[in-house]
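Each chain is listed here by its residues.
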Amino acid sequence: MDGFAKYLARRFLQFILVIFLGVSLAFLITHLSPVDPVEQSVSLMTNFGATDPRSVELLRAALSELYGLQGSFFEQYLAFWGRVLHGDFGPSLSSFPTPVMSLIMGALPWTVGLLTLSVLISWCLGNLLGALAGYFRSNVLLKLSGAAVMALHPVPAYIVGLLLLLTFGFVWPVLPISGGAQMNLQPGFSLAFIGSVIQHGLLPALTLVLVGIGSWFISMRSLVSNIVTDDHVVYAELGGVSSATIFSQYVARNALLPQLTGLALSLGNVFGGAVITEFLFNYPGVGRLLIQGIYSGDYSLVLGVTTMSIVAVAVAVFIIDLVYPLIDPRVRLG
Amino acid sequence: MMFKNLLAAILLVAASILPAAAQDFIAGIPRNQTLIIQGPPAQNAEWFNLWAPGGGASNNGLQQLAADTFWFINPDGTGDAAWTNALAADRPQYNADFTEMTVKLKDGIFWSDGVPFTADDVVYTVETQIAHPGMGWSAPFTVNVDRVEATDPHTVVFHLKAPNSRFHTLFTVRWNAAWIMPKHVFEKVADPLSFNNNPPVSLSAYVLHSYDKAGNWAIWKLRDDWQRTSIGMGLKEPPQVKYVVYRNAGNPDARVIEQLNHNLDVINDIAPEGMFTIARKAGDQMAAWFPGFPFAHPDPTLPSVLFNHQVKPFDNADVRWALALMIDIRSVAMGAYRGAANLAALSTPPTGIAVPDYYEPMQDWLKGFELNTGTRTIKPYDPTIAEQVAALVRPQWGDSIPSDPAKLKTMFGFGWWKQDVQAATELLQKAGFTKQGNQWMMPDGKPFAIRLMVEGDNVPTLARAGSIIAQQWSMQGIKTTIDVAGPTNGQRLGAGDFEAAIYWSVETWGGHPDLSFFLDSYDSAYIAEPGKTQPPRNLQRWKSEKLDAIIQANRKVAFDSPQVVDLGRDYLKLAVEEMPFIPLMAYNKFAPFDTTYWTGYPSAADPYSASGPFWSNLRYMVVALKPNPAAPKP
Amino acid sequence: MQVEVKPETLAAPAEPVLRVENLKAYYQMNYFGVSREVRAVDDITLTIHRNEIYGIAGESSSGKSSLIKTIAGAIRPPLRVVSGSVRFDFGGRTLDVYDDPQAMKAARWRHLSYVMQGSMNVLNPVRRVKHAFHDFAFRHMGLSPSAFRARVEAHLEQIGLDPQVLEAYPHQLSGGMRQRLAIGLATVCEPEFIIADEPTTALDVLVQQDVLALIKDVQSRLGSSIIFVTHDMTVHAAIADRIGIIYAGRLVEEGPAQAMFARPQHPYTAHLIASLPRIGDTTRRQSLPGKPPNLADPPSGCRFHPRCPLAITKCETESPPLEPRGEGRVACWRAGEVAAA
Amino acid sequence: MFSILRDLLRFNVEFLVGFVLTALIFLFAAAHFFAPYPDTAIYLLPPDMPPSAEFWLGTTSRGQDVFWQMSAAIWNTMTFGLVVMILSRIIALAVGMLSGYLGGKADEVLMTINDTLIALPNIPILLLVYFVMRDQMTWPLLAVTAALLGWNYDARLIRSVTLSLRNREFTRHAVFAGMSVPQVLVRQHLPYVMPVVFFTAMNNLIWAIGLEVTLSVLGFSDVNRPTVGGMIYWANQHQAAVSGIWWWLVFPIVAVVLLFLGLFLLAISINEYIDPRSRLSRMGG
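In order, the protein sequence lines correspond to chains A, B, C and D.
Everything in the first sequence is counted per my numbering, starting at 1 for the first residue and increasing by one.
Everything in the second sequence is counted per my numbering, starting at 1 for the first residue and increasing by one.
Everything in the third sequence is counted per my numbering, starting at 1 for the first residue and increasing by one.
Everything in the fourth sequence is counted per my numbering, starting at 1 for the first residue and increasing by one.
Hints listed in this document are in silico derivations from the structure and should not be mistaken for laboratory results.
From the three backbone atoms N, C-alpha and C, an ideal C-beta is built for every residue, glycine too.
Careful: at least some of the hints might be erroneous.
Said to hold, decoys possible - Derived DEER-like restraints, expressed as beta-carbon distance ranges:
#1 C:T45 - A:V323: 52 to 58 Å
#2 A:S242 - D:I86: 47 to 53 Å
#3 A:H86 - B:K213: 21 to 27 Å
#4 B:A449 - A:Q76: 35 to 41 Å
#5 D:P191 - C:T234: 36 to 42 Å
#6 D:A41 - B:G374: 28 to 34 Å
#7 A:E75 - B:D570: 53 to 59 Å
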């Protein structure tokens with residue numbers, strides 16, 4: 001087997017392994033839950049209305065049958081795998097009987113959009129600034145911007161988001177602080193809708209960018225300051241190669257390789273930040289869905305979202321793994 | 001460089017979009033014809049089947065604005081005015097032994113698709129739900145209804161399996177009730193449980209206009225034929241609110257910000273501090289239940305310290321009374337509600353009709369109530385609590401706090417038990433407890449420690465009350481830890497998996513003195529074995545022969561009989577003597593209104609309707625609002 | 001290995017291409033509050049002529065690599081030129097390496113190229129080889145892209161490489177091929193002067209021979225001058241016309257290769273030569289006592305004196321000047337007596 | 001070790017600033033042992049008092065002194081962070097060194113597991129664990145869970161260092177001398193790996209503290225135990241941000257940002273100390 005095929009096989013194996021382990025873990029954790037979905041739903045339903053005790057017993061019996069939690073633990077696990085493979089997590093308990101999967105599918109485009117945009121921006125911007133700062137070490141402007149993004153980077157997304165929300169929603173109310181788009185706009189490829197989505201996405205995306213940019217900046221800067229001492233860069237400088245070419249083709253391009261791997265490795269964490277940000281800005285993505293599910297004790301929803309986020313992150317990592325050979329000939333050509 | 005181009009493109013797009021998008025708050029809908037109400041995030045936004053289990057979109061206006069049933073009771077109302085005949089032309093008519101109920105329906109009511117509403121819809125509603133056990137009101141219909149028939153298009157007769165003088169309450173809205181199904185829609189559907197009923201036909205004045213698939217908003221539009229609805233018929237002039245928007249406005253901070261930005265007219269609930277912020281910043285563009293402090297609307301719900309009577313030593317009334325007397329209710333009021341609490345010594349919420357029917361007449365009895373501590377007799381009731389709380393909040397609120405004791409009682413409640421540590425000590429000693437240092441020991445020699453369960457974020461004020469009570473008990477030598485149960489709260493309460501909890505097991509009509517709403521379920525026949533699930537609402541599993549006698553008697557009198565009030569007072573006296581749970585206060589809700597666009601919201605001075613966004617009675621507020629002439633022009 | 005000493009080339013009229021005068025380049029460090037000065041290049045003067053291969057020898061950390069980097073203008077802080085000058089003379093145009101960086105940059109590869117230490121790694125791993133030729137040489141050649149390509153291919157064939165390598169990525173080539181490519185890259189513009197820093201160090205012996213032959217071949221074809229550094233005296237013996245010996249940052253002896261191998265003037269040179277393996281030699285090779293000096297704190301007087309078998313008191317106090325002696329120059333108070341040792 | 005610390009303090013500004021910041025915050029946190037009020041008590045003081053001579057950092061809407069509350073909160077948060085950090089260091093060291101030393105198949109298997117764990121999104125899994133545990137979710141349990149999720153990056157780093165040591169002379173000597181694998185790893189390799197561990201420890205501490213803040217802010221922890229996230233949680237519960245009780249939010253946020261900054265500066269200066277390349281470039285500068 002040549003190197004490239006080996007690489008692909010290895011990545012694919014990893015991909016399968018991540019999904020297997022993640023899905024099993026999610027199942028295991030959830031099925032140890034003390035939350036009884038039936039009681040949960042009964043208490044939801046009886047919270048406000050007048051309730052005849054005899055009627056509640058009937059309701060409970062009916063629901064137990066509907067939610068289908070029968071069988072041994074292992075049978076449930078196998079059945080669960082069957083469901084995952086069919087993309088079926090059963091009905092949501094708090095939104096009965098809407099299937100969990102259709103809730104997730106409704107929310108997923110929002111999260112994917114928000115994450116793709118903010119990860120791309122923070123990755124590109126962080127790497128660009130970091131590379132420049134690593135290459136032009138004495139530039140004061142770059143030093144200052146570096147200090148700023150580095151100071152921001154360890155701050156939890158929630159705090160950055162909260163500050164943005166207060167600044168642009170309360171002190172100087174210019175941006176929407178809640179929701180994914182303007183009300184009463186029908187989704188579609190209209191200028192108004194896309195504009196509204198961008199407008200509503202600004203604060204959450206800015207939060208993720210501000211939090212995310214620092215680590216790219218730091219790692220890129222140190223990568224670049226190491227790479228500039230690499231033989232091929234020094235040699236190019238001695239060869240009188242123009243600095244633009246050296247910066248882009250010799251320094252940045254080589255530094256991007258580990259950064260792309262880093263991107264794949266960090267997606268899991270980035271997703272975590274998105275959960276918090278979506279919750280804060282009431283953004284209609286899967287992160288908010290997850291937290292709502294937890295708050296409402298929605299067993300199947302929490303399980304579905306966690307499983308799907310593991311799968312989604314694994315897919316994204318796998319995609320990056322597939323892109324990687326395009327920019328690294330050593331992997332592509334073995 | 002590629003990056004620069006990208007950035008430039010983004011900036012260009014942003015610059016062209018932002019001003020365009022900033023014009024309308026809601027695209028294409030005039031703001032000054034729109035009422036914006038805080039709704040819950042609807043996860044299954046595309047679900048409009050009110051009769052299948054699960055909530056979702058039902059609180060986003062569906063049950064408030066588009067569903068209808070026979071009767072409504074205004075939870076804030078008193079006397080006859082609290083009762084509204086909606087689809088029914090008259091009050092329920094029972095036969096002598098309460099085995100038959102006849103309902104006359106109004107004529108001239110139509111579904112929003114033009115189909116007339118008839119008795120067949122009612123019969124279909126009952127029969128379909130009996131046939132499908134998963135549906136929302138299936139169980140009570142199955143238990144009660146032997147047969148239902150439409151004797152003519154506007155008369156329905158229910159034949160009951162057993163005598164039931166409260167059968168009509170299934171169709172009487174306080175928060176919600178059994179809504180009537182559109183037969184012509186559902187009869188075409190194979191499985192009414194999995195039918196999403198989207199878009200829903202409306203039986204009330206508003207109909208679905210559009211909704212967000214992500215569940216953040218739903219918009220309801222006034223029906224052109226609004227006069228052909230039960231609510232529309234009674235109106236003298238057309239409703240001014242053309243559109244109602246239920247929107248999920250985010251976390252409490254975001255709600256405050258949105259109302260201050262005039263993007264949210266009605267808030268469901270925020271923390272007292274948020275309420276005070278709006279009051280301070282919005283000035284006269286704000287309305288609330290009380291125009292000044294304490295602002296809050298008391299729901300007919302009674303937050304209490306619940307005890308699990310199946311767990312020792314909470315089966316002992318002396319212990320429960322001792323714990324009650326260890327509480328300094330003023331700190332609880334301050335801690336939970338910053339003083340804005342409507343305190344309750346009786347086991348019914350001090351709201352609506354309970355004030356004239358129970359609280360006012362029973363003051364003398366309360367003042368005279370004597371408690372035997374084992375060594376002496378004390379009179380624990382303190383009728384001056386309202387003045388004391390007023391004194392505590394006056395430094396912050398100044399002259400806006402009246403000095404008239406009568407007014408203070410409507411704001412802060414009639415009175416409560418005076419903290420009496422000595423009496424509590426005597427009661428505990430009477431129960432066989434001993435004190436070692438600052439630690440109470442139980443009769444079996446173990447230290448007396450309590451786990452006090454609270455739900456947490458969902459009802460923050462109660463979590464706060466729990467914290468402060470736990471601290472007070474701990475300081476008196478009973479180590480109390482707070483247990484935050486979160487969403488498992490209901491389940492644990494039901495399963496009896498708690499020692500003590502801050503929650504409520506009493507909810508009332510508010511607008512009607514009949515206590516059967518909760519009391520009927522206190523029948524000892526329903527008490528579950530330890531470890532088994534207790535059906536609502538006797539979460540404390542209180543068992544008393546005297547109580548059973550009251551319940552039995554109440555079942556035999558008619559809903560509107562004057563005897564109902566007498567039985568209610570008997571129950572309240574029993575509850576004081578046995579202290580099965582410690583009632584604290586009404587569930588006070590901070591629900592400020594923005595008056596920039598709309599005026600005429602209900603208030604303590606004019607409680608013509610419920611005002612909680614999720615309460616179906618809200619519809620009477622929506623049609624009564626008047627545009628503010630000073631509203632910004634579009 | 002047998003040492004073959006390169007036969008003396010016919011003495012061409014001495015036409016200097018490189019003149020190094022009183023060059024001092026120090027590592028100046030200030031770390032954790034301690035300033036240290038390492039005199040890596042300490043007052044070196046030398047001249048290299050047209051069509052000459054000049055070898056610089058010395059043990060590791062003697063400063064020979066710093067010297068050649070300083071000559072190439074390839075130094076980075078903390079190594080700095082303290083005084084002196086490095087001047088190239090390309091066709092009557094004099095270029096001072098440290099006076100006119102712009103002109104220097106323009107001259108690179110056209111007139112002056114460089115073969116780096118570890119030159120297997122000088123190619124950008126993520127780009128094809130052809131791009132390196134383009135980046136380094138295209139602008140100097142004044143050719144159309146296709147003519148340039150043809151020229152490069154011809155050049156590669158000349159040095160025994162398949163032009164196909166241009167389409168390859170560095171990782172697809174063997175170490176020897178990359179070394180050849182590096183030399184090909186350094187010679188494609190036919191520069192007058194080539195600086196080579198340990199061009200063969202990392203290679204196995206067979207490849208080393210091969211590469212040495214290549215260097216020699218290219219040099220003789222182009223008539224360029226080469227200055228190269230290696231600690232390996234056998235390599236010097238194989239290709240150098242003249243050799244300079246560096247010890248502790250100083251040039252201690254310089255002279256024609258053959259003469260030096262025959263009659264080393266400096267005890268250190270003598271030691272270097274003596275430690276070379278010779279056929280049939282069974283005597284134990286002498287090892288030099290002591291360690292190479294610490295350049296941050298060099299010994300007084302002659303820096304070699306702590307290790308020198310001939311050291312006298314004067315050596316400890318007075319530093320010997322580099323003075324002409326025989327065919328070359330030497331810096332030793334006891335230069336005449338070395339042979340006897 | 002001590003002389004390294006002294007040198008770093010004397011000559012590396014970043015380290016000095018980082019050290020001073022971290023030490024000050026640590027001292028501030030330690031002060032809670034002398035707090036005049038129990039840290040879980042509420043409504044002992046007048047609520048909503050702005051910073052003043054009597055209450056330096058003001059009081060909360062729950063009638064707590066922000067100064068003392070914050071002191072206890074930072075202590076608890078740091079304790080949590082340290083527990084996570086130490087536990088995850090132990091796992092990372094064990095896996096990383098073993099993998100690097102053993103090499104071959106064992107290395108491949110360990111690193112595959114490692115990379116698999118890296119790709120799992122932490123927050124959803126932690127939230128899931130919380131969802132299951134609910135009120136049984138004590139902070140030590142949360143710390144263990146976080147530690148189980150927070151070691152894999154650094155295991156890779158440690159592995160690469162061990163890998164480079166594996167072929168060194170002294171390793172072979174030790175093996176020939178009959179040392180067992182754990183002996184070789186602990187006696188011979190650990191000293192070389194320690195600087196990397198130290199560097200990753202700082203970053204891990206930052207990560208763990210950030211995690212605590214995030215989960216507590218959402219109320220997914222024991223909210224009665226004062227922590228930095230818990231303070232923000234309660235401030236949100238009382239809508240401090242819009243109610244103008246800024247001191248309840250601003251001071252804990254500033255404190256935690258300063259702590260982060262301190263730890264971060266320590267991390268980069270230690271990294272610089274370890275990494276000769278960046279040290280070299282500093283010499284020039």
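These are the hints, each one checked on the structure:
The beta-carbon spacing between T45 of chain C and V323 of chain A, approximately 56 Å, falls within the hinted interval of 52 to 58 Å. One distance hint, 47 to 53 Å for the beta-carbon pair S242 of chain A and I86 of chain D, holds here, with the actual separation near 50 Å. A hinted range of 21 to 27 Å for the beta carbons of H86 of chain A and K213 of chain B is consistent with their spacing of about 23 Å. Distance hint for A449 of chain B and Q76 of chain A: a CB-CB separation of about 38 Å, consistent with the stated range 35 to 41 Å.
As the Cβ distance of P191 of chain D to T234 of chain C is approximately 40 Å, the hint placing it in 36 to 42 Å holds. A beta carbon spacing of about 31 Å between A41 of chain D and G374 of chain B agrees with the range 28 to 34 Å that was offered as a hint. Judged by the Cβ atoms, the range 53 to 59 Å given for E75 of chain A and D570 of chain B holds: they are separated by roughly 54 Å.
In this structure, none of the earlier numbered hints is contradicted; all agree with it.
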